[in-house]
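*Asks:* Letter by letter, the chains look like this.
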Amino acid sequence: NAGVTQTPKFRILKIGQSMTLQCTQDMNHNYMYWYRQDPGMGLKLIYYSVGAGITDKGEVPNGYNVSRSTTEDFPLRLELAAPSQTSVYFCASREYGWEYGYTFGSGTRLTVV
Amino acid sequence: GQQLNQNPQSMFIQEGEDVSMNCTSSSIFNTWLWYKQDPGEGPVLLIALYKAGELTSNGRLTAQFGITRKDSFLNISASIPSDVGIYFCALGEYGNKLVFGAGTILRVKS
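Chains A and B supply the protein sequences, listed in that same order.
Using the numbering used here, read the first sequence as starting at 1 and increasing by one per residue.
Using the numbering used here, read the second sequence as starting at 1001 and increasing by one per residue.
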């Protein structure tokens, strides 16, 4: 059981480039989330989804886009990368109900230069 | 939005010491969760609390859901070097999202 898988683990982007961070879960969870974590800081919610075809903004959505065409996949798209997007990005998923909290992926470390 | 305060921001531990940290919220909630993040990894759920006054243990970790339902405490007994990392409290908020505290960074005292 792989859980939540994120790719790539590391990436360096030049300013203005675009990329997609991939997230896949094999637990049939309806709820999926994208967070960013800046050095020494907590987790900030970028976008989330409560099911295929349904997405909503979190607290820091600017500069990002998401889509949810299947239950398993929740990719995060960065358009026109900026240095302020240098961060570690975590994808998470959960079942309905809070008993087990979120299951997190191992993260993607992104540097924009 | 929901205000969640986590203290302390950071602390140093010496092997064998007991460690305590806490979180307080501005509103009443029904679920408190505690996570640990090891360096280079995603957070992992340690303990979940669902009832006011509930005390739950997981090995050397003990967490309590405050009786007012606005706070929670996490204690680590007899700390060991692998306890270092970042500990987050989180609330199961209405609206399908968890709200995370800013984290408590545990470091080893040299």
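Be careful, since some hints might not be right.
Computed cross-link-like contacts, DSS-like style, restricted to lysine-lysine with a CA-CA straight-line distance of at most 30 angstroms [claimed, not checked]: (1) B:K1051 with A:K14; (2) B:K1051 with A:K9; (3) A:K44 with A:K9; (4) B:K1109 with A:K57; (5) A:K9 with A:K57; (6) B:K1097 with B:K1109; (7) A:K14 with A:K57; (8) A:K14 with B:K1070; (9) B:K1070 with B:K1097; (10) A:K44 with A:K14; (11) B:K1070 with A:K57; (12) B:K1097 with B:K1051; (13) A:K44 with A:K57; (14) A:K9 with B:K1070.
Hints are computed from structural coordinates only; laboratory data are not their basis.
*Asks:* Please work out if K9 (chain A) and K57 (chain A) have their alpha carbons no farther apart than 30 angstroms.
*Replies:* holds (24 angstroms)
*Asks:* CA of K1070 (chain B) to CA of K1097 (chain B), is that 30 angstroms or under?
*Replies:* Holds - the C-alpha atoms of K1097 (chain B) and K1070 (chain B) are around 18 angstroms apart, at most 30 angstroms.
*Asks:* With the threshold set at 30 angstroms, check whether the alpha-carbon distance from K1109 (chain B) to K57 (chain A) stays at or below it.
*Replies:* violated (40 angstroms)
*Asks:* Against the 30 angstroms threshold, does the CA-CA distance of K44 (chain A) and K9 (chain A) hold or violate the hint?
*Replies:* holds (19 angstroms)
*Asks:* With a cut-off of 30 angstroms on the C-alpha distance, tell me whether K1097 (chain B) and K1051 (chain B) pass.
*Replies:* holds (19 angstroms)
*Asks:* Quick one, are K14 (chain A) and K57 (chain A) close enough, alpha carbons at most 30 angstroms?
*Replies:* holds (25 angstroms)
*Asks:* Between the alpha carbons of K1097 (chain B) and K1109 (chain B), is the straight-line distance 30 angstroms or under?
*Replies:* violated (35 angstroms)
*Asks:* Holds or violated: K1051 (chain B) with K14 (chain A), Cα cutoff 30 angstroms?
*Replies:* violated (49 angstroms)
*Asks:* Quickly compare the C-alpha distance for K1070 (chain B) and K57 (chain A) to 30 angstroms and report which way the hint goes.
*Replies:* holds (26 angstroms)
*Asks:* Sort out whether K57 (chain A) lies within 30 angstroms of K44 (chain A), counting only the CA atoms.
*Replies:* Given pair K44 (chain A), K57 (chain A) holds - Cα atoms ~11 angstroms apart, limit 30 angstroms.
*Asks:* Taking only the CA atoms, is the gap from K1051 (chain B) to K9 (chain A) under or equal to 30 angstroms?
*Replies:* Given pair K1051 (chain B), K9 (chain A) is violated - Cα atoms ~38 angstroms apart, limit 30 angstroms.
*Asks:* Is K14 (chain A) close enough to K1070 (chain B), meaning Cα to Cα at most 30 angstroms?
*Replies:* violated (44 angstroms)
The structure fails hints 1, 2, 4, 6, 8 and 14 (numbered hints given earlier, in ascending order).
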